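S.K.: What follows is each chain in one-letter form.
There are 2 protein chains.
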Amino acid sequence: MRRFISHKTINLISQTTTSSISSSSPSPNSPSLSPNSPLTSLLRFFSTLHPSSPDSMASDYSATPITMDNINPKVLKCEYAVRGEIVSIAQTLQQNLKDNPGSHPFDEILYCNIGNPQSLAQQPITFFREVLALCDHPSILDKSETQGLFSADAIERAFQILEQIPGRATGAYSHSQGIKGLRDTIASGMKARDGFPADPNDLFLTDGASPAVHMMMQLLIRSENDGILCPIPQYPLYSASIALHGGTLVPYYLDEQTGWGLEISELEHQLKTAKSKGIDVRALVVINPGNPTGQVLGEANQREIVEFCKKEGLVLLADEVYQENVYVPDKKFHSFKKISRSMGYGETDISLVSFQSVSKGFYGECGKRGGYMEVTGFSPEVREQIYKLASVNLCSNISGQILASLIMSPPKVGDESYESFSAEKEAILSSLARRAKTLEDALNSLEGVTCNRAEGAMYLFPCINLPDKAIKAAEEAKTAPDAFYAKHLLNATGIVVVPGSGFRQVPGTWHFRCTILPQEEKIPAIVSRLTEFHKKFMDEFRG
Amino acid sequence: MRRFISHKTINLISQTTTSSISSSSPSPNSPSLSPNSPLTSLLRFFSTLHPSSPDSMASDYSATPITMDNINPKVLKCEYAVRGEIVSIAQTLQQNLKDNPGSHPFDEILYCNIGNPQSLAQQPITFFREVLALCDHPSILDKSETQGLFSADAIERAFQILEQIPGRATGAYSHSQGIKGLRDTIASGMKARDGFPADPNDLFLTDGASPAVHMMMQLLIRSENDGILCPIPQYPLYSASIALHGGTLVPYYLDEQTGWGLEISELEHQLKTAKSKGIDVRALVVINPGNPTGQVLGEANQREIVEFCKKEGLVLLADEVYQENVYVPDKKFHSFKKISRSMGYGETDISLVSFQSVSKGFYGECGKRGGYMEVTGFSPEVREQIYKLASVNLCSNISGQILASLIMSPPKVGDESYESFSAEKEAILSSLARRAKTLEDALNSLEGVTCNRAEGAMYLFPCINLPDKAIKAAEEAKTAPDAFYAKHLLNATGIVVVPGSGFRQVPGTWHFRCTILPQEEKIPAIVSRLTEFHKKFMDEFRG
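Protein chains in written order, with numbering that gives the first Met the number 0: chain H, 0 to 542; chain Z, 0 to 542.
Bound conformation, chain H alone (with noise of 0.2 Å):
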């Protein structure tokens, strides 16, 4: 990638590298930078390594067909802040650490822009890489070195599995839905947690959950004219795929006075709105627990939810992937689908889909990309359309799919790993839970901060009541007073966080997105980098 963001990197540098030198007064957060500085040479260095740079860029590729006037619009439309343009900016800052050790005033970048906790060290849970590492090499198994090297049910579970795959064949595409007895698996589970039946044939075993909503935005959008109903703020995944596909993102406001509670009134005023504009508005998209807001959804109001989306004939579509990250004691994760079914809604009554990961989790497995979805409430005509869609791309990966069937049937009491087993899972969403209300304290005590408490997920989604000479040298730099801070903030400690404008919020306000997701020992040093930053940065616009 850093080849062709280099434009981009090369000017946010030279733009930092300018301002600074004409600062009079150099500030901690845009340090005044010598042609002999680290960043300097890093921007020389971009400009002779490569041919493309700003200068030559037009004509060179001038021979070339394709130009950012004449490829997909939807495409230019789609952003995606989770790995925007301050993600660049911090893979440069960290390589030029490794270049130059000692050249900015932090000595590593910490990453808190994204919901990736082995990329910050945790741990994957043992017993899931055991299972995993044996379907993958299936003729260890009947090896004596075997049993001294793996538990008991461990080798059990890959046994049971192979024997769920035709042929035993991990290397074969599956049925595009994904293997049927591993989805038979991850159905039982999601009747043990909801107390009410899965037919493994509504699950749609996916790379991730993103295929699984690229799908349906793909089923449901047709033109423009086709609304989504997504919280504000969002996840930018919504925002990307109704953009790619060519829908109205119609926006509904979480309340963040009331701890992002979400009004039906407001999912009436906009629908309303909506209409009124000649959007049909297809379906609504609820994310619980909320991302990047970390709100866990009380039951009553998740009735309330279905109630509205039965009434006005919209597709309910349910981002559940933070089901298992509940940090709060007052706070209990439903599924929609146990919601509908015990307000006796069946199959037949609502369209309700819903979106699971591997990804997050106490178990965090980014990486494998394993999901799935649960469809239910759809024609067979229609559900066969679904299927078409998945076929296209034949099947998802089969260590995925292992490991998505593995989250709904963790080892169970008496099984030679469930001690081991619950002590890594319980000390790490406790940890995560104390790192929660660790941030979320520090966040509350800086000047003009408010946040509201994680409930869930694994962010904290503060609102920043930013100066006006700050908003207004944001305007200067042309970039966002969100992101201005938050790369202030970057180039001051190193702390990555992405800017609330990223995810949409009410016109006016500022915020940003900080995972919990830092090791527990690294906490106090990013509170007080923070707390640091955030008093200088106020000294200085507060104008």
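No lab work stands behind these hints: they were computed from the structure.
The model shown is predicted, which means the values in this text are computed figures rather than measured ones.
Any given hint could turn out to be false.
Since copy identity is lost for identical chains, a pair holds within one copy or between any two.
Said to hold, decoys possible - 30 Å max Cα-Cα, derived DSSO-like pairs, lysine-lysine:
(1) Lys-436 with Lys-424
(2) Lys-179 with Lys-97
(3) Lys-535 with Lys-331
(4) Lys-387 with Lys-477
(5) Lys-309 with Lys-331
(6) Lys-276 with Lys-76
(7) Lys-179 with Lys-73
(8) Lys-179 with Lys-387
(9) Lys-190 with Lys-97
(10) Lys-76 with Lys-179
(11) Lys-387 with Lys-97
Take the given structure of chain H and dock chain Z to it, following the hints.
M.R.: Quick look at chain Z alone, frame taken from chain H:
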């Protein structure tokens, strides 16, 4: 899946049942069924089990909002025959055989419909699986038992790979293009293959090659006025992806008479025709070795193709996933990158995307969903847009990424695994070559059938000169004549092939695609069953 394809399946079974019952002289292809026959019970089983049987279906789902009339019409338009109707029938028959052994004139279903070697008992390459297992569960790397279970070079390779992964975290999202160290390895392998350097920053690792193809179609297609030149016959991923993205497939016909030759005059003719209809042709898809056609392009022909794309300003989309599957001594695979560079065309002269996959080759690791594309000749700004598309789904699965690096850097002379690896590779490839030749000869011995040789890939695509009576019978059954043939073949022999109409073909000609993948010991039975069936079919329909 079984559930929601039941409607179609029931219709198919009903058709078969009805037509056979009314027939006074039942043929072996359409067995006469008593009211207590297994197929009839199956039909009854479907009707009772699912409330959504044909009769009640419409009313059942009338309370739900999504219907065939209001889903995205692009989804309706998309077709994917490799997993279509014939495969659904085969799955039903397979279940049927399991529940009622002896109920059909065959005792197993022989899947020749899909390039899925491990589903047909091909064993994975040991070295690859050793490395994958060790990367999945790195904590066993240092244990003494591991030495007894794994080869020394697999252990060493796993250590190397883990070193390349930031934090050794195989469970973390990676860079959206894939782990940099693995891309370095792949780029080295490409350089060794081509004699020209490859830039790791040009590589985008994906979950199999399919998502890479979709990404390029998404970038290039703005509306139905954008056309993509595709070979006919083609692999239906292309027609499906173009349909889903709302573009126009501009066909160019391969010349069956000259062994599926790719004539530049045909490209010119079709380009001109498309332009005259107002189509903006943006890219040329070339599949080499060919799917479903099995030909391997000659070097001179490849140079003409590059020149054509250069002259006409087309992106060359080179599907090179069968690069390791070449079976004839007089042909050799050359990448289009190598051809372009050897012609003196550099990075800024031609836009070229090459697709590669771990699913094909001799290793056939379809279920691992590994693959990549090499993107050259696009400006940095456009590349940034491709990166953005990749980043929306975060990254491809890490096991697939690791495997992609392994196929491009297999064990070398002197490595402990080298000999066993080479033996496994040679055994698979030489057996595939023998199977291809045996099946090709068998097909060519059938009345009215001609079949080009499979120089590469995994398929034969014979032309069947169907008798008028068969074509008429197919019309009456409202099915394409080659699908009619394929269904009869399946019902009589259990052999599953894909009708040529799924790949498109010269109008008025009929083909089917048959893989060369069934295990070698099953080939004689396939040949004799096919020969016997074909004779009876021709006897029945010769007229």
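S.K.: None of the hints should be skipped; say for each whether it holds.
M.R.: Structure-based check of all given hints:
{"no.": "1", "hint": "Lys-436 with Lys-424", "result": "within (19 Å within a copy, 55 Å between copies)"}
{"no.": "2", "hint": "Lys-179 with Lys-97", "result": "between (47 Å within a copy, 16 Å between copies)"}
{"no.": "3", "hint": "Lys-535 with Lys-331", "result": "neither (39 Å within a copy, 66 Å between copies)"}
{"no.": "4", "hint": "Lys-387 with Lys-477", "result": "between (45 Å within a copy, 21 Å between copies)"}
{"no.": "5", "hint": "Lys-309 with Lys-331", "result": "within (24 Å within a copy, 60 Å between copies)"}
{"no.": "6", "hint": "Lys-276 with Lys-76", "result": "both (21 Å within a copy, 29 Å between copies)"}
{"no.": "7", "hint": "Lys-179 with Lys-73", "result": "between (36 Å within a copy, 28 Å between copies)"}
{"no.": "8", "hint": "Lys-179 with Lys-387", "result": "within (17 Å within a copy, 34 Å between copies)"}
{"no.": "9", "hint": "Lys-190 with Lys-97", "result": "between (50 Å within a copy, 28 Å between copies)"}
{"no.": "10", "hint": "Lys-76 with Lys-179", "result": "between (38 Å within a copy, 28 Å between copies)"}
{"no.": "11", "hint": "Lys-387 with Lys-97", "result": "between (48 Å within a copy, 26 Å between copies)"}
Comparing the model with each earlier hint shows a violation of hint 3 alone; every other hint is respected.
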